[in-house]
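Asks: The sequence shown begins at 965 in our numbering and counts up by one.
Treat the hints as calculated values from the structure; they're not laboratory data. Be aware that a few hints might be false.
Stated by the list, open to error - Each computed SDA-like pair below joins lysine to any residue, with the alpha-carbon atoms no more than 25 Å apart:
{"hint": "1", "residue 1": "LYS1036", "residue 2": "LYS1016"}
{"hint": "2", "residue 1": "LYS1016", "residue 2": "SER992"}
{"hint": "3", "residue 1": "LYS1016", "residue 2": "ALA1030"}
{"hint": "4", "residue 1": "LYS970", "residue 2": "CYS980"}
{"hint": "5", "residue 1": "LYS1005", "residue 2": "PRO1037"}
{"hint": "6", "residue 1": "LYS1016", "residue 2": "ILE973"}
{"hint": "7", "residue 1": "LYS1016", "residue 2": "ASN1053"}
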Amino acid sequence: MPINKKYNIERHMKSCREYTEKTKRRISFEYALIDRENNSKQHAYELSHLLKGMLCHVNLIPVNPAGHTDYKPTDEKDAYRFAEILSENGLNATVRRRLGRDIDAACGQLKGKFTSKE
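Assemble the whole structure, with the sequences as input and the hints as a guide.
Replies: Structure, rendered in structure tokens:
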């Protein structure tokens, strides 16, 4: 993400840990699963290591197919396997349902329809 050019991930994680320790409130992380980019078992283990011991929940969001990008959606079984690895490593995780995908109205798809008509 662009913000990582100014603030590295270690700084973000330090702030998140300080927040949860001080407030005792859980943080939710939104993790967009992109096929062959960040959805492998190794990525799940790396994320588990990064978030280990933190009071948090991970929402796994499979990207939706959209004509304006080369990113491909993660297979459903792979998304659930990713969540299972996080769970096995002590993290709470949920795979988000894909609503509106069948009519090209899911997250990320509407922008593609709008911009392609310009």
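Asks: Would you mind confirming whether the straight-line C-alpha gap from LYS1016 to ILE973 stays at or under 25 Å?
Replies: holds (14 Å)
Asks: LYS1016 and ASN1053 were given as a pair; does the straight-line alpha-carbon distance stay at or below 25 Å?
Replies: holds (8 Å)
Asks: Hinted pair, alpha-carbon criterion (25 Å max): LYS970, CYS980. Please report holds or violated.
Replies: Measuring from Cα to Cα gives roughly 17 Å; hence the hint holds.
Asks: Compare the distance between the alpha carbons of LYS1016 and ALA1030 with 25 Å, and conclude whether the hinted pair is satisfied.
Replies: Violated: LYS1016 and ALA1030 sit about 33 Å apart, past 25 Å.
Asks: Hinted pair, alpha-carbon criterion (25 Å max): LYS1005, PRO1037. Please report holds or violated.
Replies: holds (16 Å)
Asks: Assess, step by step, whether the Cα of LYS1016 is no farther than 25 Å from the Cα of SER992, and give holds or violated.
Replies: Satisfied, since the Cα-Cα distance of roughly 14 Å is no more than 25 Å.
Asks: Sort out whether LYS1016 lies within 25 Å of LYS1036, counting only the CA atoms.
Replies: Distance ~28 Å between LYS1036 and LYS1016 Cα, so the pair is violated.
Figure legend: structure checked against the earlier numbered hints; hints not met, in rising order: 1, 3.
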